[in-house]
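Enquirer: Protein chains in written order, with the working numbering: chain A, 24 to 112; chain B, 605 to 963; chain C, 230 to 474.
None of these hints come from the bench; they were simulated from the model.
Positions of the beta carbon are idealized from the N, C-alpha and C atoms, including for glycine.
A portion of the hints provided could be inaccurate.
To be verified - What the simulated footprint calls covered on chain A by chain C, stretch by stretch (three residues with Cβ under 8 angstroms from a Cβ of chain C suffice, anywhere in the stretch; the number is not a length):
1) 43 to 55
2) 80 to 88
Stated by the list, open to error - Under the rule of at most 20 angstroms between Cα atoms (straight-line distance), these lysine to aspartate or glutamate pairs were calculated in the DMTMM-like manner:
3) 414(C) x 83(A)
4) 415(C) x 112(A)
5) 873(B) x 848(B)
6) 411(C) x 51(A)
7) 238(C) x 271(C)
8) 414(C) x 86(A)
9) 422(C) x 265(C)
10) 232(C) x 112(A)
11) 242(C) x 49(A)
12) 411(C) x 458(C)
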Amino acid sequence: MKKICKTVPKNRRLFGKIMRGTITIDTEFCKGCEYCIEFCPKKVIHLSEKLNVKGYYFAELKENEENGCTGCATCAISCPEAAIEVYRE
Amino acid sequence: MNKELMNGTSAIAESAIQAGCKYYFGYPITPQNELPEYMSRRLPKVDGVFLQAESELSAINMVLGASAAGARVMTSSSSPGISLKQEAISYMAAQELPAVIVNIMRGGPGLGHIAFSQADYFQSTRGGGHGDYRTIVLAPCTVQEMADMTFNSFDLADTYRTPVILLGDGMLGQMMEPVVIPTAKNKSPPRRDYAVTGAKGREQRVIKSFFVEGKDLKEHNWKLFRKYKKIEQNEVRYETYLLDDAEMAVVAYGTAARIAKGAINRLRKEDEGLRIGMIIPKTLWPFPSRVIKETSRYISDFFVFELCTGQMIDDVRLSLEGSGHIHFYGRPGSVVPTPSELARIMARHYYQSQRKKKK
Amino acid sequence: MKKIYSRPKSLSKVPFHHCPGCGHSIIHRLIAELLDEMDLQERAICTPPPGCSVFAYNYINIDMVEAPHGRGAAVATGIKRVRPDCLVFTYQGDGDLAAIGTAETLHAANRGEFITAIFVNNAVYAMTGGQMAPTTLLGQKTTTSPYGRNPQSEGEPIKMSELLSTFKGTSYIERVAVNNPKNIKKAKKAIQKAFQHQIDKTGFTLVEILSPCPVNWKMDPLQSCKWIDEVMIKEFPLGVKKEIK
């Protein structure tokens, strides 16, 4: 069977170098379900104090934690709204 | 095709295949079993698909899917089975999907009887399922007509993108008569740019009947309404028989019309020659109201004969709008009157109407 | 920085109407990802049912035919028989597939129709307001089992995956869940295998997906995911129930 499923390796530390990554969250698509916050291994996401148009407190990267994200994409995998884009070095 | 001796159900099946129907989903129920049996023998030979479903309800939903996928498709059943199909027929009317549904009527209501009746008239002509919709209803009188009407029903269904019901009965279904099965000149089915085929190089196609916005459904209801008005203008079919000098007009369809024709012929041959004619609706929806209304200008007495306790009589009454006198004779319960028996009954109504005229 | 994940192409740019944390959204996304990765977007046809997922056609950009409630397997059968080269899959809830549509489902499986059933099990009739479904757990309170489902009068939760795995016509059946990233990855793998089995014409395939329904379970999204782990999976064990090699 064609191996197509992009499973993301658990350990993002390759050859001793810490992987860097970041994410963008579409604030209007987010419904504040907090899955990404719960399942992010680095705990770098939180709910914003601001509301989106629909009245949800949307999720966003914590200010001082941008470099904490390793681009592991676990948040995107758990996001029901497909609102998260993941970037990696 | 040359003339063959076939029973009604087989004639329908072969005629459907000749019309290019490659897909049939059915379920056993007397008195139409020969139709799926015939299809199960023939369709594999013309690389078609015959599938006996787990219920009539499932079969009609397979018809819905096959029609949505762009196929000429048919199902058949008998009264109780047709009741099970009503929900999906309503969906197909709403989704504007063409299909041919054959009802070989049997005695009803409930389990009723395995022979024949005309007791599904309302169910067929008033939509039968939920919501504002109608289906075209064709009423054959002979095995030849069963073949011809089936053949044309696929074009009707495609032209108007709507389900078409062929309303036979157990007598016609089981009766064998010589028939010439029509053959199609060009077999290629019409272009169906609504059909789901996989959105290759085009926009997605969605066949649905749910409208979350009320105003959208309102528009859709009126769109369907306009379609039904168009059908009413263009697709009314009927026959008249010895109406010109008639004093009384019989209104009957299907097997009832054949029995009535025999009765009329007998009465006309008798010494004092009762002058009775007949109007035979060939489409029960759209109903031939105009010809009945026009006939009432020179004939005041109408004799409605049905093989049930009276359903088409309502449409006759609606057509006449009070301008004629209606006599009714119903014979439910699959007990067929012979032509001479019916002739005596008609004669009694005829003399009754003559006496009233003399007063 | 290289972008390694974004919204799948087959998913239209429209926010889902589902409730926050709803499993339907995740499943729609997984299906769209697979349609992209397996290059099936131009050959796929789905039969969305009446229910929370009725608007699947607004989100997944493929040909679709709305099936009457419970009749997905029959409509899909009709489509597949006419379009054997298309990937045909039904998308059904637990009421749709295991209550009103039981006969259609069982017989499509028994005939070995080359279709895939995406069976979303959230233990309630969600769109209609959270009534009891065939998969409602014992003791679970719903709007029509207010005192908790009682086996004496309402029977036990129906295990469709196990039931269908006894049918010769089925070739791949797995029960998965979408209540955490690990399970979501497994769920995607399962749907991908089911689609592949359909393409390889091995038989009827079904993926039962335990899906959170926070609003009707009266929990917040994360609690509903936890409830699936702590309670639901005990009644509906995950895993492959049938696989023809």
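Enquirer: Run every hint past the structure and note whether it holds.
Expert: Do the hints match the structure? See the list:
Look at the region 43 to 55 of chain A against chain C: 7 of its residues bring a Cβ nearer than 8 angstroms to a Cβ of that chain, three or more, so the hint holds. Under the rule that three or more residues need a Cβ within less than 8 angstroms of chain C, the assignment of the region 80 to 88 of chain A is violated, with 0 such residues. Of the pairs offered as hints, the one joining residue 414(C) and residue 83(A) is violated, with about 23 angstroms between alpha carbons and a cut-off of 20 angstroms exceeded. Annotation: proposed proximity of residue 415(C) to residue 112(A) is violated, straight-line Cα distance about 26 angstroms (limit 20 angstroms).
Our distance criterion of 20 angstroms between C-alpha atoms is met by residue 873(B) and residue 848(B), whose separation comes to about 17 angstroms. For the hint linking residue 411(C) to residue 51(A), the alpha-carbon distance of about 26 angstroms lies beyond 20 angstroms, and the restraint is violated. A hinted pair counts as satisfied when its Cα atoms are at most 20 angstroms apart, and residue 238(C) with residue 271(C) qualifies at roughly 12 angstroms. A hinted pair counts as satisfied when its Cα atoms are at most 20 angstroms apart, and residue 414(C) with residue 86(A) does not qualify at roughly 29 angstroms.
Our distance criterion of 20 angstroms between C-alpha atoms is met by residue 422(C) and residue 265(C), whose separation comes to about 15 angstroms. Of the pairs offered as hints, the one joining residue 232(C) and residue 112(A) holds, with about 9 angstroms between alpha carbons and a cut-off of 20 angstroms not exceeded. A distance of roughly 11 angstroms separates the Cα atoms of residue 242(C) and residue 49(A); the hinted pair therefore holds under the 20 angstroms criterion. The straight-line distance between the Cα atoms of residue 411(C) and residue 458(C) is roughly 12 angstroms, inside the 20 angstroms bound, and the hint therefore holds.
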